Amino acid sequence: MSSESSDESDGPVKTICPYCGVGCGIQITKDDEGEVSFRPWGDAPVNEGSICIKGGAATQSVNHEDRLTEPLIRDDDGELQEVSWDEAYDYVVSEMERIREEHSAQGMGFYGCSKAMNEDNYLIQKLARRYGTNSIDTCTRMCHSSTVYALKNSLGEGAMTNSMEDLEESADVFWIQGANPGEQHPIANSQYFRQAVLEGATVIQVDPHANKTTRSFEITETDRHMHLQLEPGTDIPLLNIVIKTILENDWVDEEFIAERTEGFEHLKETLEDFDKEQAAEECGVPLEDIELAAEKYAMANNGCIFTGMGMSQHTCGVDNVQNEINLALITGNLGKPGTGVNPLRGQNNVQGASDVGAMPNVLPGYRDVSDPEVRADVEEVWDFEIPETPGLTNVEVSHEIGDTIHGLYIMGENPVMSEPDTNQVEKRFEELDFMVVQDIYETETAEYADVILPATTWAERDGTVVNTDRRTQRMRGVGKVHPNTKHDQEILCDIGNRLFGDGSFDFDGPEEVFEELRQVAPIFHGMTYDRLGEEGVHWPCYEPGDEGDDYLYADGFTTESGLGQIEGVKHQPPKETPDEDYPLILTTGRIIEHYNTGTMSRRSATLNRVEPENFVDIHPNDAETYGVEDGDYVTLKSRRGEIEVQARVTEDIKEGTVWTTPHFPESGGNRLTNDVLDERAKIPEFKAAAAEIEVTVDADANADAPADD
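Going by the numbering used here, the sequence shown opens with residue 105, and the numbers climb by one from there.
Simulated from the structure, these hints should not be mistaken for laboratory data.
Careful: at least some of the hints might be erroneous.
Said to hold, decoys possible - Computed list of lysine-lysine pairs in DSBU-like fashion (alpha-carbon distance at most 35 angstroms, straight line):
1) Lys380 with Lys316
2) Lys440 with Lys256
3) Lys256 with Lys316
4) Lys440 with Lys118
5) Lys584 with Lys679
6) Lys440 with Lys316
7) Lys440 with Lys674
As the structure is a computational prediction, the values presented were derived from the model and not from experiment.
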């Protein structure tokens, strides 16, 4: 397989930003010293040259001194030693063969990567299935698996129903619940959402935490922004108030409901005895504000819903998103421009990783792995038998370490930081018989690896990614920075060929991988690299020449019945609620300067200068109760662990709630989060746990401490 970028040149190379799911176009160059630099791409299709602070600093991590440059094997003393690629490959293959012989193929778990390209994720899910297991998953399990589950079951496709451009042009009301695009998708927020408000649209934001999104819509001389600052974990009762208000006032779209949905009677029965006043008190939001928001959405010509991890990362995440779907269906806000239910995907290719089958229950294109006809169709292309039983999700794999799981193959993910209850994750990973990590840095997860394979970065290779609104785009690289690293695609093909030797991993570059993907995933079938060009194409694109769809479901839903599924849901409190020992609610989220586990963003001098350490937001009344001053260092505790962070006293957070981030390994919020799962989507409950605070260090005591170099 070719190991070099196909688009090396002396001038700037057009590619896609490696951070969030907006899919902004940027340009990059590499000088004679191998230094990769950022350049703006003025007419990029998604962002038209605008870029956020992370995107502008994205190349800073490519040449970082922490880059892995040689294969490594851990010796008997626990030290990592440089080895040749052949030695590393031999060790990986022999251990994978041993585990399969001793424990069956179900003894291995595979992690794809939401920041790797479609071709990489396609290959690792194919590798897992050729090995004999469907236990392949990605970081989508941690952020939007509940969204994908609800959307797919109720509408047919597990993705945004509409495109950002379509929504900016056509939507009258933007309902943004549990999402913070001002920080997590800043160019979408400024280029599309805020612009729509400037042109007359209304924004209703539902979030326990005031943030940059809140402030971005505080536009002079308009009253077209509402912020419903609810208590964490009360999204279902708030939406039930909205829906019942719409039912009471007969603001439903009766024709749409009759012709295109089923389950409306169940929704009405669920809400028959629902007490709006009591629910509003539980939410901590005035009832009249929620009713006004309901009227604004119901009266819109085109109302769109944006959903985020504040909705999905709960044990009731599927039901949270289902209630958003209910709201859209009963008002006829689906299947036309400016409407829909639209998850804002966090990572640059978390959508694509799912699309190409890096999930335990589906093959490429979201085709059910347990369906014998689907398997037969794919087996005809792959020429090997696919396991029929869905595999374990990545969290379930982690839970099974030491029991049914004995080995892991991890490509580009950092589960030691991304999974909840970090202290327990670390203990489990110590019990593994064997783990190979394929990455660009020695991550917190790689500290437990037996073999580390040095990969190239996003800036060095070619491939495709899918952004948050289903736009499939090409990434292009400037060639390797370190000569003995290998592209993810090349590593996976080398491993596959050594394991199986049957030609199933003989690919000459990423375009050839994409061509096979087209054969087994109908949503991509009409695309080619040439067709993608610089603009990209939205899936589904079933036939060559298709333009792709800016919005879905114009002619019907793709559920089994062809109808949108309405299902009434009832409130489920978080699995852990405040008590005498832990009287606060802890919730978590991302900030604009950093990203997920911080693997890339913490290796940017610019981003670290702006936000060098973790912190906790605490309401002034709680600060007074605990004797905390702004800038104090405090110990934030849960039943699972504790972290030391700086306190920021602010009314951005509700009284009784504290808010922190997962980005920093020494003080990551996931040392505190609760390792309980949504029963259907298997997503952890990151957004609500019981917590306590105590003051640990006087801020003044650190005033004269030397700065970090």
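To see whether the hints hold, each was checked on the structure:
1. Of the pairs offered as hints, the one joining Lys380 and Lys316 holds, with about 30 angstroms between alpha carbons and a cut-off of 35 angstroms not exceeded.
2. Note on Lys440 and Lys256: the hinted pairing holds, with a Cα-Cα distance of about 18 angstroms set against a maximum of 35 angstroms.
3. A threshold of 35 angstroms between alpha carbons decides the hint, and for Lys256 with Lys316 the separation of about 31 angstroms falls inside it, so the pair holds.
4. About 32 angstroms separates the Cα atoms of Lys440 and Lys118, which keeps this hinted pair within 35 angstroms; it holds.
5. For the proposed pair Lys584 and Lys679, the alpha carbon gap of about 47 angstroms is over 35 angstroms, so the pair is violated.
6. Straight-line distance between C-alpha atoms of Lys440 and Lys316 comes to about 30 angstroms, which keeps the hinted pair within the 35 angstroms bound.
7. Distance check on the hinted pair: Lys440 and Lys674 sit about 29 angstroms apart at the alpha-carbon level, within 35 angstroms; holds.
Hint 5 from the earlier list is the only one contradicted by this structure; the remaining hints agree with it.
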